[in-house]
Structure formats: C-alpha cells, structure tokens
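Chains as they are written, first to last, in this note's numbering: chain A, 1 to 184; chain B, 1 to 64.
Don't read these hints as lab results, they were simulated from the structure. Worth double-checking, as some hints may not be accurate.
[What the hints assert, rightly or not] Here are the simulated DSBU-like cross-link-like pairs (lysine-lysine), alpha carbons at most 30 angstroms apart as the crow flies: (1) A/K14 <-> A/K146; (2) A/K108 <-> B/K32; (3) B/K57 <-> A/K108.
Nothing here was measured: the structure is a model prediction, and the numbers come from that model.
Given next are the chains, with one letter for each unit.
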Amino acid sequence: MAGHDATFKDDLIKAIPSLRAFAISLSQRNDRADDLVQETLVKAWDKQASFQMGTNLKAWLFTILRNEFYSQMRKRGREVQDSDGVITAGVAIHPGQQGAIDLKDFRKALETLPEDQREAIILIGASGFSYEEAAEICGVAVGTIKSRVSRARTRLQEILGIDGEGDFGPDAISSQVLGSVAVV
Amino acid sequence: MSGMDKNPRRGQGGQNKADGLGSNSEIGRKLKQYYDELVTEQVPDRFADLLRQLDTKESGSKKE
C-alpha cells in the first residue's frame, strides 16, 4: 500500500543538481545529460520499492544514472573506454601565464580522460563520495577506484603542466619539461 | 542538500590528503570549481514537471 511518499519525491528533487552535474561530467553534453537525469528519475520512481530506506539515496541514484549512461553508449554502438592498461595519447594544454589554469583548460583536460577515470575522479574529488561508495556505484573494487583516481590525477597534472600537491603552477622550465612528457 | 547523504563528506579531509585532491592541490581545487559550477546551474523545469506527472499518474491509477 505504500505509495510514493512526499519525502521520496522531495529527496529526488534535492538530488537533481548533483545528478545533473555528474551526468554532464560523464557525457560532456548538456542535452544528453538532461535526458540521463530524466531517465534516472523515472527509473528511480519505478524502483522506489527496491530502495532501502536509511541507505544512501544519492549513491543509489548515481548508480542508476551511471548504468543508464553506459547502456545508452552501448546502444549507440560506442565502445566503452576501458583505460586499464591502455596508454592514451597525451594532449598537452599549455596553461596561461604564471601557470594559472583557467576552468576552460581544465574542462578540456578532463574531457581527454577515459570515462572510467573521469567518473572516478569526479565521484571522489567533487561529488563527495567515499572510495567505498564510489566502488559500489561503479561496480568495481575499492582498489580499482583508487588506481583510476590516481591515474586520472597524474594525467591531468601532465596535461595541465602542474606537478604534485601544494603548488601554484610550474615555472617556465618545469612547464616545458612536463609539456614534453605529456605529448609522448 | 543536507539530509540526503547518510554520511555526508565522510572522512573527506583525510581521504583527500591521501589522494592528492585536497584544497592544497591545484587539481583538487579545479575539480571542485568545475563541479560546483555545474551543480549551481539552473535546473530545467522539465524535471519538476516530470515528477509531478509521475505523482499524478500514480494516485490516479491506484495500482496498489
């Protein structure tokens, strides 16, 4: 007899901005992202009975959205990128003066990442999920998420010509060195 | 947004220190800036309309 209570609906509404952000990060396209969010909401609504109260609704919704994204990609006949063991061609983006990276460069760099690495670094570094939650969302082991995040971070650093933690951009020389590394 | 996560931002400080995505890291900061911009974008009306439709449809059909 339990229909859809108002709380569930409210929680869905509250989750929409983060779902959209994740969808845009995954698909890199706003129109497709909105379709993904719409599908996710419909599926979540139909599957509400299978959602266990007291567990993490946001993680549950992200899982649905992610599955939807990959199943749409397969339907379109696109190979799902699997970066494990694959060396992708580097695209060096030269940050502006003083090593200040603007958001446009960062977005471009993010787009060059394989999907599995991009989603991992977004879930951990931006959406606020723990490694355990991200592993569950992606259906892989915690260690796999850790290594994807680490490779994603390294690759972004290479592309953007910054090294390590706590720095505010490279000097001219290290920028050149890192730049040449990135185009290997 | 609060109340949505059972464990909001759990352990994030320690976690991010370990993975180099904390506020000391340029990548970590840019990542959050990129994402926050997306999160704060205006949400299209279609989603609220959709949920309203789903709600109406259900109470109308009384399938349970």
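Next on the checklist: Which constraints among the numbered hints does this structure fail? Numbers only, ascending.
Outcome noted: 3
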